[in-house]
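Novice: Please model the entire structure based on the sequences and the hints provided.
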Amino acid sequence: MAATTGTTEKTETTARTLGWAWVVLVVITVASWRLAPAHFTDTVVASTGVTALVLVLTYIKARVILRYFMEVRSSPRWLRIGTEVWLIVLLGAVFGIYLA
Amino acid sequence: MSPVRALTPDGYVTTADGRPAGKPDVRIMTWFFPLWYGLFGIIICLLARVTPPPRPDVSTADKVAFFSQNGLTIQLGFVVLLVLLGGAAMTNGLVAYQMKRMSTGSVLAYGYLAGMSVGALPGFLLVGVCFLTATLRPDRDPELIGLLYDLGMLSYNASLGCFTAAYLVLAIAVLYDRNNIFPKWFAYISVWQIVTEVIASQMVVFYSGPFAWNGSISFWVAVVVFSVWLGALIVILRNAAAAEPADEPDMD
Amino acid sequence: MGKVTVQQPDTETVAVPDGRLPGDVHMWVMVLGDLIVFSSYFLIYLIYRSMDPESFLRAQQHLDINIGSINTVVLLTSSLFVARSVLSARAGAHRQAIGFVYAAGGCGVLFMVLKGYEWAAKISAGHTNSDMFFSFYYVITGVHLVHVLIGLIVLGVVVRELQNPGRRRTWMVETGATYWHMVDLLWVIIFGLLYVMR
Amino acid sequence: MQILERVQDLPNAGNIKAQWVCLWSGPAVGLVLLIAAAAFPGFWPPMSPTLPAEEVARFYAEHTAWIRFGQVTFNLCGILVVPFFMVIVVQMKRMRGQSHVFAYCYLTAVVSGATFFALSNVFFLVAAFRPDRSPDLIQLLNDLAWIVFIAPIGMLLSQFVLLALAVRFDNGPDPVFPPWVGWYSLATGVAIVPSAAAAVFQTGPLAWDGLLSFWVRNGALAAFVVVMFFVLRRAVLRQAIADGVVAG
Chain A
369 MAATTGTTEK
379 TETTARTLGW
389 AWVVLVVITV
399 ASWRLAPAHF
409 TDTVVASTGV
419 TALVLVLTYI
429 KARVILRYFM
439 EVRSSPRWLR
449 IGTEVWLIVL
459 LGAVFGIYLA
Chain B
7 MSPVRALTPD
17 GYVTTADGRP
27 AGKPDVRIMT
37 WFFPLWYGLF
47 GIIICLLARV
57 TPPPRPDVST
67 ADKVAFFSQN
77 GLTIQLGFVV
87 LLVLLGGAAM
97 TNGLVAYQMK
107 RMSTGSVLAY
117 GYLAGMSVGA
127 LPGFLLVGVC
137 FLTATLRPDR
147 DPELIGLLYD
157 LGMLSYNASL
167 GCFTAAYLVL
177 AIAVLYDRNN
187 IFPKWFAYIS
197 VWQIVTEVIA
207 SQMVVFYSGP
217 FAWNGSISFW
227 VAVVVFSVWL
237 GALIVILRNA
247 AAAEPADEPD
257 MD
Chain C
961 MGKVTVQQPD
971 TETVAVPDGR
981 LPGDVHMWVM
991 VLGDLIVFSS
1001 YFLIYLIYRS
1011 MDPESFLRAQ
1021 QHLDINIGSI
1031 NTVVLLTSSL
1041 FVARSVLSAR
1051 AGAHRQAIGF
1061 VYAAGGCGVL
1071 FMVLKGYEWA
1081 AKISAGHTNS
1091 DMFFSFYYVI
1101 TGVHLVHVLI
1111 GLIVLGVVVR
1121 ELQNPGRRRT
1131 WMVETGATYW
1141 HMVDLLWVII
1151 FGLLYVMR
Chain D
214 MQILERVQDL
224 PNAGNIKAQW
234 VCLWSGPAVG
244 LVLLIAAAAF
254 PGFWPPMSPT
264 LPAEEVARFY
274 AEHTAWIRFG
284 QVTFNLCGIL
294 VVPFFMVIVV
304 QMKRMRGQSH
314 VFAYCYLTAV
324 VSGATFFALS
334 NVFFLVAAFR
344 PDRSPDLIQL
354 LNDLAWIVFI
364 APIGMLLSQF
374 VLLALAVRFD
384 NGPDPVFPPW
394 VGWYSLATGV
404 AIVPSAAAAV
414 FQTGPLAWDG
424 LLSFWVRNGA
434 LAAFVVVMFF
444 VLRRAVLRQA
454 IADGVVAG
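Those sequence lines, one after another, are chains A, B, C and D. Position 23 of the first sequence, counting from 1, maps to 391 under the numbering used here, and the rest follow consecutively. Position 222 of the second sequence, counting from 1, maps to 228 under the numbering used here, and the rest follow consecutively. Position 104 of the third sequence, counting from 1, maps to 1064 under the numbering used here, and the rest follow consecutively. Position 80 of the fourth sequence, counting from 1, maps to 293 under the numbering used here, and the rest follow consecutively.
These are calculated hints, taken from the structure and not from any lab test. The reader is advised that the hints may include incorrect statements.
[As the list claims (entries may be wrong)] Chain A stretches covered by chain C per the calculated footprint, using a threshold of three residues with CB under 8 Å from any CB of chain C:
#1 380-389
#2 394-407
#3 413-426
#4 429-437
#5 442-450
#6 455-467
Quick caveat, the model's predicted, so the values are computed rather than measured. Just so it is clear, CB atoms sit at the ideal spot from N, CA and C, and this is done for glycine as well.
Specialist: Here it is, written out as structure tokens:
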């Protein structure tokens, strides 16, 4: 629980950090918008590359929401590790099933 | 404490040092709660054959075959359950009793009691009666056997509203309660139960796949959530009974 | 066998020290459990998708990516408002905090309206739940919509808390915010798996 | 019962009056139900489960009017027995040596049991609604009606067990019900248990027209209501005296 002095400053949530988090999330959303199958009028083919990219982007977005909006980065260790493990296991399993 | 005594109501609801805690009558009902659900679970899984559910996507001939192959265990299981069914009222009455002790008072407790007592008919009685009627005359018109199969399974699995109402009032009561009878997180778990009931509405549409009455989402995920909910409730009821002062007066 | 008494966090500090749980631990039980339940839906969706990827992909093409993206931005923005509201509440600027919560709730309502329009458009275009992809689409977004609705009630509770000068407990605001962010988090994953992945 | 003039408008008196009305609704409703049972052709003798479908259909065609009368009356008045059982709930809540948990469990069981009873009338009435339906369908409705009527005794059984427990726990110097009521209640419970098997057997004492499933079961239930009328009458009177509502 005890934080070393100095890190307290770094993990303080400010309006500015929240604003940047939001910008990152919106930029990624707009980027994913370009990737979506609905953009193509002719038949789209499955693409492992695109799917992998989408999962990586989803991972980043989910992590930003968890760490900055939900303040998990300054929360107890069990929660930081728990949410990280959950996210990696979920998206890893998604990719695994996709490839299988 | 001797192992035999640990299995009695007085050995089940105890203080930390093993003395019987709370009120003796509440101890009995609290002790009965897991006992009844255990029996119920064993019978519906091993004898009555409704859990895991038989498939919705089978032909009429298959449904007739299902009843003729499992006729004996279905009859045995459901007759025993018709006798034991009152246990459902006893377990739900116990939850209503604990809800009445909350600072939210009677109104939500009565709502729980009403929702659950109405739910016994669509949620359980009908499937028992349908399956017993089907096995009573296996030589009946196969179409009618098929009808009883569907009627029983759909009412058993998709009796949504009674339980949704009960879970909702339970969640509200726990969230507003200031007497800390049940922990707050249990209210949130009850909300999941509502979500699984909402998803179970899809059972009336699908013959197969994840949303059919034997589907991975509408049935199996719901079973896991229900088991977690029930397991938590068993522990919580025991703690609530043990924490109740033996001389606490009853509210009217 | 005493009851578990939950330590409510000290509310008056503006800076968040390391190792502090934002909001109520009971709400975190809900959030983590909900993430696991939803994960099971996602994985079952993927299993069915991998059995018939072509038809899932064809059906995905019929989704309205514009509305999906706009809704994502709407929900992300509402999350930002809720997060700002927590900051304001910590700083004691309760009027500002209430304003942020209202803004977030407005975004939530907008999300539901857009979702309703999207559903109506899909159904009238003949994409009913007789298609496997669309049955997942309706159930998963439908359950998510129920979460948004509950979230609006939660935000209402937060507003009442902030309006009452005798209350204004920061941990209550944080608890509500935690729930709302979870709704956002789930949507981001739904967006990736249903709308974008190929 | 003569309520004292000076307490006429007090809540205690209202409580006693309401219980008194519900108590007396018991014999009144019981009488109507007896008439309905006497008028229902399916009870004299109880229809045999071994009847072939054609004969079941003919039975409904020949006795349509009386079947309708009997079951409509059951439907209307069957649930009217519930207020009588509510007097038992109220008296259980007065018992000492226990919390209200038995009373609430009893209440839940009464409500569930009443819904079961209501369902069986509907099946009888639908069968009689169009007796020219295919005989197989009439037989199906008849089977459902009889099984729902006779077999689901779980809710009743739990009521008898709960009442027995409550009486056993009532340890005050002046118990609400005399101790024998608990044993009598248990005995009634034992008497009705075998009728659950009516959903399986088509002949013998366990079939729904059999000695155990029909006559013993329904006889024990009727006797219980009669006995409880007198037990409750005594209990409510004694409550009235204790509350100062009537002269002691």
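Novice: Taking a Cβ-Cβ distance under 8 Å as contact, does the stretch 380-389 of chain A have three or more residues in contact with chain C?
Specialist: This one holds; 7 residues, not fewer than the three required, reach chain C with a Cβ under 8 Å.
Novice: Are there three or more residues in the stretch 394-407 of chain A whose C-beta lies within less than 8 Å of some C-beta in chain C?
Specialist: holds (count 10)
Novice: Three residues minimum, CB to CB under 8 Å: does the stretch 442-450 of chain A make the cut for coverage by chain C? Let me know.
Specialist: holds (count 6)
Novice: Quick one: see if chain C covers the stretch 429-437 of chain A, three-plus residues with Cβ-Cβ under 8 Å.
Specialist: Holds: 6 residues of the stretch 429-437 of chain A have a Cβ under 8 Å from chain C.
Novice: Between the stretch 413-426 of chain A and chain C, are there enough contacts, at least three residues with CB-CB distance under 8 Å, for the coverage claim to hold?
Specialist: Holds: 9 residues of the stretch 413-426 of chain A have a Cβ under 8 Å from chain C.
Novice: Taking 8 Å as the C-beta cutoff, is the stated coverage of the stretch 455-467 of chain A by chain C satisfied by three or more residues?
Specialist: Per the Cβ count (5), the hint holds.
The structure is consistent with each of the numbered hints, conforming to all of them.
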